[in-house]
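Visitor: The listed protein sequences correspond, in order, to chains U and V. Per my numbering, the first sequence starts with residue 1, numbered consecutively. Per my numbering, the second sequence starts with residue 1, numbered consecutively.
Bear in mind the hints are in silico, worked out from the structure with no lab data behind them. C-beta: ideal position from N, C-alpha, C; glycine also. Keep in mind that a hint or two might mislead.
Which chain V residues face chain U? A few, computed with CB under 7 Å, are given here [as the list claims (entries may be wrong)]:
1. G15
2. P80
3. G85
4. V86
5. D129
6. G130
7. N133
8. P154
9. N179
10. E183
11. V198
12. Y199
13. Q200
14. D202
15. K291
16. W503
Spelled out, the chains give:
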Amino acid sequence: MKYFVSRSIYTFNSGMEHSQANRTLLFNASGDQARYVTRDYNRLWVRDAERVNLNSTNVLNMYDFFQGTSAVERVQLPVREFKQLALNEYQLVEHGADYSTVDHAGRQLARINIMPGTVGLVGDIEYYDRFETVVSRENFDWRGFKSSIDYFHPDGSLGVRRFLNLAGEVVLENTYMNVEGQLQPTMWKLVNYHGKNYRFDTEDQLFLFFLNEVTQQTTDNVVVSDHRELDYVIADVENATSKWVALHGSHVDQGGTPFAAYSIALQIRAQDFDGIIVPTQEQQLELKEQFPELNVQVAPDVAISPELINSKPVWLRDRIAGRIIFSGRLEADKRPMEALKAFFKVLEQFPDASLEFRGYTNDQNMLNEMKNLVEQRGVQAQVIFGNYLTDNEIQSFYNRAQVIVNTSVSEAAGMNLIEAMAHGVPVVSFDTKYGLHSLIEKDKNGYIVTNGDYAQMARRIQKILSDDVLWTQLSQGAYAKAQEYRFDEVYQKWHAILK
Amino acid sequence: MIFFINAQMPEKKSGIEHAQLKRLKLFNKMHREARIVLRDWSPETHRLTALAGIDDEHVISMFDYYQQATHVENKIVTPPDLDLGVENLKFSSDFDHQRYLAETIDGQLVARINVDIKDDHVLSTELFDGFGNLYRVDHYDSRGFISLSQWYTPDNQIGTEEWKTPEGRVAIEAFTRKNAQGEMKQSAWKLTTQAGKVYQFDTIEELTKHFFDDLNNDFWSETQPNIYILDRDHLGDWALLNMEKPAYRVIHLHNSHATDAQNPMHSTLNQHYEFALKSMDRYDAFISATKKQTQDVRARFQPKTHLFTIPVGIVPEQLLNSKRVAVKERQFGKIVAFARIAWEKHLDDLVRAVALVHQVVPEVTLDLYGYADGSNNYEARRLVEEVIEANQLEDVVKLKGYTTDIDKVENNAMMFGLTSRMEGFNLAVMEGIAHGLISFSYDVNYGPNEIVEDGVNGKVVPYGDYEALAQAMIKVLKDPQLAQKYSTGAYDSAKRYSDENVWHAWEELLQDAENCWPDKLKAMPEYRGEVRK
Chain U
1 MKYFVSRSIY TFNSGMEHSQ ANRTLLFNAS GDQARYVTRD YNRLWVRDAE
51 RVNLNSTNVL NMYDFFQGTS AVERVQLPVR EFKQLALNEY QLVEHGADYS
101 TVDHAGRQLA RINIMPGTVG LVGDIEYYDR FETVVSRENF DWRGFKSSID
151 YFHPDGSLGV RRFLNLAGEV VLENTYMNVE GQLQPTMWKL VNYHGKNYRF
201 DTEDQLFLFF LNEVTQQTTD NVVVSDHREL DYVIADVENA TSKWVALHGS
251 HVDQGGTPFA AYSIALQIRA QDFDGIIVPT QEQQLELKEQ FPELNVQVAP
301 DVAISPELIN SKPVWLRDRI AGRIIFSGRL EADKRPMEAL KAFFKVLEQF
351 PDASLEFRGY TNDQNMLNEM KNLVEQRGVQ AQVIFGNYLT DNEIQSFYNR
401 AQVIVNTSVS EAAGMNLIEA MAHGVPVVSF DTKYGLHSLI EKDKNGYIVT
451 NGDYAQMARR IQKILSDDVL WTQLSQGAYA KAQEYRFDEV YQKWHAILK
Chain V
1 MIFFINAQMP EKKSGIEHAQ LKRLKLFNKM HREARIVLRD WSPETHRLTA
51 LAGIDDEHVI SMFDYYQQAT HVENKIVTPP DLDLGVENLK FSSDFDHQRY
101 LAETIDGQLV ARINVDIKDD HVLSTELFDG FGNLYRVDHY DSRGFISLSQ
151 WYTPDNQIGT EEWKTPEGRV AIEAFTRKNA QGEMKQSAWK LTTQAGKVYQ
201 FDTIEELTKH FFDDLNNDFW SETQPNIYIL DRDHLGDWAL LNMEKPAYRV
251 IHLHNSHATD AQNPMHSTLN QHYEFALKSM DRYDAFISAT KKQTQDVRAR
301 FQPKTHLFTI PVGIVPEQLL NSKRVAVKER QFGKIVAFAR IAWEKHLDDL
351 VRAVALVHQV VPEVTLDLYG YADGSNNYEA RRLVEEVIEA NQLEDVVKLK
401 GYTTDIDKVE NNAMMFGLTS RMEGFNLAVM EGIAHGLISF SYDVNYGPNE
451 IVEDGVNGKV VPYGDYEALA QAMIKVLKDP QLAQKYSTGA YDSAKRYSDE
501 NVWHAWEELL QDAENCWPDK LKAMPEYRGE VRK
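Please take these sequences and the hints and turn them into a complete structure.
Guide: Structure representation (C-alpha cells):
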C-alpha cells in the first residue's frame, strides 16, 4: 500500500494538495493501491475530497479512523427532521438561511447553524445557558452524523473536544489546558481503542500511533511525506518498506539558503528516509549539489487524466478573443501585480483583451490594491477576480483562454502551466525556478521572458494575440507537451522510484 | 404507583428517612406498590439503600433513572483495574490521604486514585494531563462504574459536570459559568435521553419536574393516579405544581408548620413549608403526623385541599405482641432519652429535672442515646455537660452515643424523658411506649403531647417546666402501682401505631386519590371522551 501523507484536504487547496490528490488518483487508476492520508480534523473533508475527485475509498483521515467512520455513506440531515429536538417542548424558529434556534417560552436555548453550502442541513448546534453563553457545541459531519462535541471553559475558550463514533460513544478526547499560562491542547486520549486507553501529549504523537496502526493492516507499505510539518513524524513510522519525502516547492529562499522547514527531511532526519522526490531535474541538480549524500529522484507532481488527454482540441474560434489567464493564489510570492501590469501594457494594442484571475487569497490588502488599479484604469469589466475553482469547474476556465501567464517567484514545476497546456493554452512566463526551460519551448508552446520584465511579457502576449497562425502552432505544441504527463508516463516514473 | 420523594438515604438518617423506611415496609406488607424516589446524586446511593434494606426494585434515583443505572450488578474496581492510558506506571500508596499516586517512570503524576481503605475499591480518580494540569475527576459509583466526571477549568475549578451510563454515554450535564457579577454559578442542565432527545434546563428543579413527568408517563394508569408524596419540600414543591399531566400530589409535613410550634396560629411560617402552604389548594393533599397538627393547620389556613393525619411511626406487630416486661423487673430509676444531642432537643433541661429527682431518689440514673450535634462547636453537648458538672451528676447521667440495640436498652429501663423545643412526631418516644416505658414530656407540638397521654402512659407537663417534670417523675418513682399503671398504659397506647391503624389512615388517602381521579382525567383534553366509567 502506498500512503501519501499530509495534513488535510481543504476547501481551497494549494499545489501541494493538488499534487498529492493527483498522485493518489494516478496510482489507483494504475492498479497500484494508494491512500491520501490526512492528520487534521475536518468534518467537511468528504465534500472537499470530492471536489478533487477523491472519496472515502482513497482518503484516510486520522480522526475518521479512530471514530470508525472512514467508510460512512452520506445521508442528509435536514434541520426540520432533526430527531434529537423535542418539538413537543421546544419551538424551532428559522432565522434566514444560515441558522435556526430552539426556543422555549420565547427564549433561545440553542442555535442550529446550517451546514455551509447546504440548504437547511444541520451543521452544528450550540447550546446556551441561562446567561446566554455557549456551553457546548455538537459538530456534525458532512455525511450527516454527530462527529464531535466541544465543551468550553467559562471564558468561552475551547476546553474539551470529544470525538464520537457512530453510536455516539466518545472514542477520543482532546483537552485544552494551560501550559505556562497559555491555553493550548494538552492531551489527546484514545478511549477504549481495541479495549485500551492511550494518552498522548501532542497531536503528532497520536498521528504516529495512527500511522503505525494503519500500516500494521497492510503490507509492502511505501510512505510518502508530502507536508514538511509531518516529516519528523513519518521519519518514525515503523512498518514501511520505504519512506520518501516529496517536495512541492523550492527548498531554498531567494538567496539560495535552505528553508528551516526542510532541514528535517534534508538533514536532521535524512537517514530515516529512502530519498527525496522532486518534480524537476533542475531542483534535483540543485539538491545534489547542496546535499551530495542525498538520494534525489525526479517524478512529475502532475499527471493529466486520460479523459483530458483524449478530449478534442479547443480551437481559437471557440475561445474568448484576447483572454489572458492567471491561475494560483493571489499572494505576494505569485506576483499577480506583475501580471496586471503586463496586462495593462497589452491593452495598449488590444483594448478589448481581458484578464481572469483564479485563486484564493489571504492577502486582502494586495487584492484591494489591484482592484483599485483596475478601477483607476477604468477596465473593471475586463479584469475578473474570480473565486477559487474546484477541479470540476476549472476546465472551462482553461478552455476559454488564449494565453496563460506565470509571474511566480518560483514554482515546483508549474503544475498550473502543465494543466493549461493540457487544454492547449500557450504560456508566457518569467524566467524562474524550477523546470520551466524544459517545459516551455520557445515558439513551440510559449515563451520565457526575463524575470520581472512585464513589458517583455506584454510584448510576447501581444505577438501571440496578433498572429492566429502562431497561436495555433503554440496551442498544438502545448497539447503535445502535455502528452509527457500522461498517466502511464507519470506512473512509470513514480513506480520506478516507489516500486 | 406511589412515590415517596426524598433527597438521599444517608447513613445517618433523620426522622424523615426513618419515616419513609417504615412506610415502605408497611406498603410492602400490604402489597401496595411504592417506590422511594431519590432526587440527589450520590455515588453511594445503592450501597446506602441496600444498607437501609431497600432492594433496587423499590428505589428510583433520578440520576440513575437517566443514567440507565437503576439495576446494575456490583463490580469492585481496584487501582490495578484502571486504564490510565499511560504505559509503565508505578503506583505508590499515600495512606494519609487514603489514595494511591500513579506516576510515570520519570515521576510525573498521572493520577491520584482515591480509595476506600477498607477494601481498596476506587472512589474517584483525579486525572492529570502530560503538563501537570488536573483536567478531570471521575467519581465511581459504589457498583463499579464511572458515574460522574467533573471537568476542570484552567484555574482549577469545576467547569462541566457529566453523569454517564455504565456504558459511558453522557446522560446529564451541568455547566458552570460566571454570572453578570462575575460569580461562578451553575448555569445550565442538559439531558440526553436514551432515545437521543435533548432537553435543556436552567436549574435542577426544572430537571426534577421533567423527571416527575417521566415517572408519571411510565406508570400512567387510567384507573388510578400516580401518587407523589413529597417528604422533603424543597426538592419538588414547585415541580409538583407544574407537572404536565395530572397526578395526586401530596405534601408531607414532617415538622411544625410554624417557626414557634407553641404558637401555631400566628407565628411566622416554617420557611421549608411556606411556599407549599401559601399554594395549599393547588396540591391534592397534606399529611401531618398528628391530629393536633392537622387541626392547627385546618384552623390557620382553612384549606380546601384534603388534610390527612397519618402517623409517621409504626410499631411492628412483632413488638406489639412481644412479652411485656413488668416495672418491677426493670432497673429502678433508669431514665433513657433517645435523641440527637442538639439545641432543639433541649436535653440540658432533662438533666436539670434529673438533678432535682436525684436529690429525692438517689437511685435515679439517666442514659442519653444519640449523636452529638456539632453545631456551634457542640454547643448542645456542652450545655448538657455543664449541668452535669454543676450538679455533680457524673455517675448519674451518661452520654452513651448512638445505639441500634433499642430492645435491650428499653426493656431494661423504666422511664423515657423528652424535653424538645419542637417536634414533627418523635419516633423515639413512640418506641419508648411500645417498650412499656413511662414517658415524661413537655407539652410540645407536635408529637410528644399526643404520643404521651397525660395520666395514661406518663405525664405531660407545661413546656419548659423542668421542676414539674421532676415532680412527676418523683411521684411515679415513689408509687409502684402508679408506675405499673402507666407502663401498662404505655404498652396499650402503642396500639395506636399498629400496622393496621396506620394503614387504615393511609387507605383514606389512597381512596381519596382514587375518588378524584375520574374528574382529573376528564379535565384532561387528551382524554376527553375516552375516560372509562
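Visitor: Tell me if the interface restraint on P154 (chain V) is satisfied: Cβ within less than 7 Å of some Cβ in chain U.
Guide: This interface hint holds because 4 Å falls under the 7 Å limit.
Visitor: Report holds or violated for the interface hint on D129 (chain V), using the least CB-CB distance to chain U and a cut-off of 7 Å.
Guide: holds, 4 Å
Visitor: Given G85 (chain V) was flagged as interface, is its beta-carbon under 7 Å from a beta-carbon of chain U?
Guide: holds, 4 Å
Visitor: Is the shortest C-beta separation between E183 (chain V) and chain U less than 7 Å?
Guide: Given a least distance of 11 Å, the restraint on E183 (chain V) is violated.
Visitor: Would you check whether K291 (chain V) satisfies its interface hint, that is, whether its CB is within less than 7 Å of any CB in chain U?
Guide: Violated, about 44 Å.
Visitor: Against chain U, run the beta carbon of Y199 (chain V) and see if the smallest gap drops under 7 Å.
Guide: holds, 6 Å
Visitor: Does the interface hint hold: is D202 (chain V) within less than 7 Å of chain U, judged Cβ to Cβ?
Guide: This interface hint holds because 5 Å falls under the 7 Å limit.
Visitor: The hint names P80 (chain V) as touching chain U; please verify it with the least Cβ-Cβ distance against 7 Å.
Guide: violated, 14 Å
Visitor: Under 7 Å is the threshold here; is the Cβ of N133 (chain V) close enough to any Cβ of chain U for the hint to stand?
Guide: At 4 Å from the nearest chain U Cβ, N133 (chain V) passes the 7 Å test, so the hint holds.
Visitor: At a threshold of 7 Å, is the proposed contact between G130 (chain V) and chain U supported by beta-carbon distances?
Guide: holds, 4 Å
Visitor: Verify the interface restraint on Q200 (chain V): the C-beta must sit less than 7 Å from at least one C-beta of chain U.
Guide: holds, 5 Å
Visitor: Against chain U, run the beta carbon of N179 (chain V) and see if the smallest gap drops under 7 Å.
Guide: OK, holds: N179 (chain V) within 7 Å of chain U, min 6 Å.
In summary, the numbered hints that this structure violates are 1, 2, 10, 15, 16.
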